[in-house]
Amino acid sequence: MTETATTKEPNREPIKASEIDPKFKYELSRMHGSEKILRCFQCGTCTSDCPVARYSETYRPRTIIRMAQLGLRDRVLNSDTLWLCAACFTCTDRCPQDIEVASVIRVLRNLAAEKGCVPIVFKEQIASVLESGYAYKIPDLRIKKRETQGLPPLPKGNPASISKSLKGVKFLENIEKKSEQQ
Amino acid sequence: MSSNKYLIFLGCAIPYRVSSYEISARKVLAKLGVELVEMPEFNCCGLPLDPVSHEMMLILAARNLALAEQQGLNIITLCPGCAGTLKKVNKILKEDKALREQINGHLKEAGLEFKGTVTTKHLMQVLIEDVGLEKIKSAVLKPLTMLKVAEHNGCHILRPKEYIGFDDPEDPQTLKTLIEATGATCLDYMDETECCGAPSVGVSDKVALQLARDKLNHVKMVDAQALITICPFCHIMYDTNELRIEKMFNEAYGIPILHYPQLLGLAMGMSPEELAFNELRVNASKLLTQVTEGAK
Ligand code: SF4
Ligand code: SF4
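Those sequence lines, one after another, are chains A and B.
Under this note's numbering, the first residue of the first sequence is numbered 1, with each subsequent residue one higher.
Under this note's numbering, the first residue of the second sequence is numbered 1, with each subsequent residue one higher.
There may be inaccurate statements among the hints.
As a list, the in silico DSBU-like pairs of lysine-lysine whose alpha-carbon atoms are at most 30 Å apart [what the hints assert, rightly or not]:
1. A:K156 with B:K206
2. B:K31 with B:K135
3. A:K164 with B:K97
4. B:K108 with A:K115
5. A:K177 with B:K108
6. B:K91 with A:K36
Just a sample of chain B residues kept apart from chain A, beta carbon distances all over 12 Å, derived [unchecked claim]:
7. V52
8. K94
9. Q102
10. I136
11. E180
12. S200
13. D223
14. N250
15. K286
16. L288
To be clear about the criterion: a stretch of chain B counts as covered by chain A if any three or more of its residues have a C-beta under 8 Å from a C-beta of chain A, and this derived list gives those stretches [said to hold, decoys possible]:
17. 30–42
18. 119–133
19. 182–190
Just so you know, the hints here were simulated from the structure itself, not pulled from any lab data.
Since we're looking at a predicted model, the values are computed, not measured.
Every residue gets a Cβ at the ideal spot worked out from N, C-alpha and C, and that includes glycine.
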């Protein structure tokens with residue numbers, strides 16, 4: 001079983017002033033998806049309705065929002081639990097302050113990814129999309145079997161066209177830079 | 001409706017491992033007069049990469065939309081995740097000119113342009129809005145009145161309401177209505193709109209399997225003879241993991257997980273073989289016997 005991002009306790013040490021980045025919340029409120037983060041009044045609806053929070057000892061969307069508001073940039077972005085959200089959007093639909101909570105989580109994940117914190121499943125999917133257009137490597141057997149199943153041939157992806165369209169994407173450029181440095 | 005013709009966007013999960021859904025959906029749609037055109041050179045809808053890079057998701061989704069625009073046809077998907085993503089990106093890019101220009105700058109490199117001229121619908125939305133309940137009901141030759149089943153909509157067909165908005169996320173009715181059109185009874189149960197857990201697989205299998213277990217427990221509580229899904233990921237989550245969950249938590253379910261078009265296909269008189277029942281992990285033979293005997 002894969003357990004890449006579950007059990008690590010989040011950092012619960014007392015907050016030091018030096019950890020706080022007061023501009024973080026403003027940065028977030030300018031990004032697509034987390035515009036309304038300042039509106040959170042910590043009611044807890046998101047956490048109490050979150051299916052993942054029910055079974056995870058560490059994942060709490062309300063806590064993540066508060067830490068982000070406080071400017072605890074590194075604690076939030078380095079936290080493994082960020083990757084537990086199932087993107088079910090229950091919180092987004094139920095937040096009384098109309099915050100797109102799931103999108104805030106997504107924005108934070110994007111920022112973590114830019115720093116290089118990405119679970120392996122995602123790396124594999126990106127590699128596969130670049131290679132074939134599909135997020136998973138579709139087994140040859142499946143592709144061949146389609147005919148006997150009465151299904152039309154699987155459309156071939158166009159990796160060249162995909163790579164051209166993705167040119168200049170920040171995340172991919174970061175990966176390239178990293179592999180050049182190594 | 002004169003133009004029941006769509007580009008079919010298969011996405012990744014279905015060709016990867018859920019052919020029973022594709023087979024049954026194509027059969028049913030053909031009989032209901034919906035024409036499907038294969039979509040050349042499409043790529044992943046973008047959703048799986050959104051957590052890593054929103055920018056990449058937008059480009060991938062917009063590339064698909066631009067390809068469909070070239071064909072001049074609206075899109076049908078079998079996966080709610082794909083439908084939701086294509087709908088959402090279409091709306092965002094139509095409304096946000098600056099973002100549209102930025103994304104089109106990327107697509108231009110590949111000779112493509114997003115204009116915002118096509119719409120995307122999930123299978124269920126096509127069935128209810130374009131085929132219509134009357135036509136579906138009149139195609140039902142063998143009503144499944146002997147069956148009591150439960151539905152699982154899954155998240156992405158319902159939420160976020162702002163972008164998906166064709167059913168009530170707190171009390172969805174479409175799938176129920178479509179199930180009852182087959183003659184079967186659709187049972188209510190606890191936490192119907194709860195997530196299947198699939199997106200947590202690989203990040204925390206523990207959380208994912210607990211969520212699936214809850215669902216199966218709730219479905220069992222009302223004695224449903226089957227659980228009906230309309231999403232490849234939800235289907236994988238339950239069908240592939242049911243036996244594993246039974247062993248892990250010492251439970252006994254024996255609840256077959258059917259794709260909605262498999263249920264509808266049975267009611268339309270198609271055989272289990274035609275509808276790829278043999279591909280299901282959880283054996284559905286008991287249910288099929290009930291259907292045959294109930295029809296006598
Ligand atoms: S539901 Fe909204 S307002 Fe309430 S704690 Fe969560 S994000 Fe904050
Ligand atoms: S979208 Fe994520 S944070 Fe929100 S309720 Fe679902 S799993 Fe929890």
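Status of each hint after checking the structure:
1. A:K156 with B:K206: Roughly 35 Å separates the two Cα atoms, so the pair is violated.
2. B:K31 with B:K135: 11 Å, holds
3. A:K164 with B:K97: 22 Å, holds
4. B:K108 with A:K115: 28 Å, holds
5. A:K177 with B:K108: 24 Å, holds
6. B:K91 with A:K36: 19 Å, holds
7. V52: 5 Å, violated
8. K94: It holds; K94 (chain B) is separated from chain A by about 15 Å at its closest Cβ, greater than 12 Å.
9. Q102: With a cut-off of 12 Å, Q102 (chain B) comes too close to chain A, as the shortest Cβ separation is near 10 Å.
10. I136: 23 Å, holds
11. E180: 26 Å, holds
12. S200: 5 Å, violated
13. D223: 24 Å, holds
14. N250: Non-interface label stands for N250 (chain B): nearest chain A Cβ at 18 Å, farther than 12 Å.
15. K286: 25 Å, holds
16. L288: 20 Å, holds
17. 30–42: holds (count 5)
18. 119–133: Since 0 is below three, the answer is violated.
19. 182–190: It is violated, with 0 qualifying residues against the three required.
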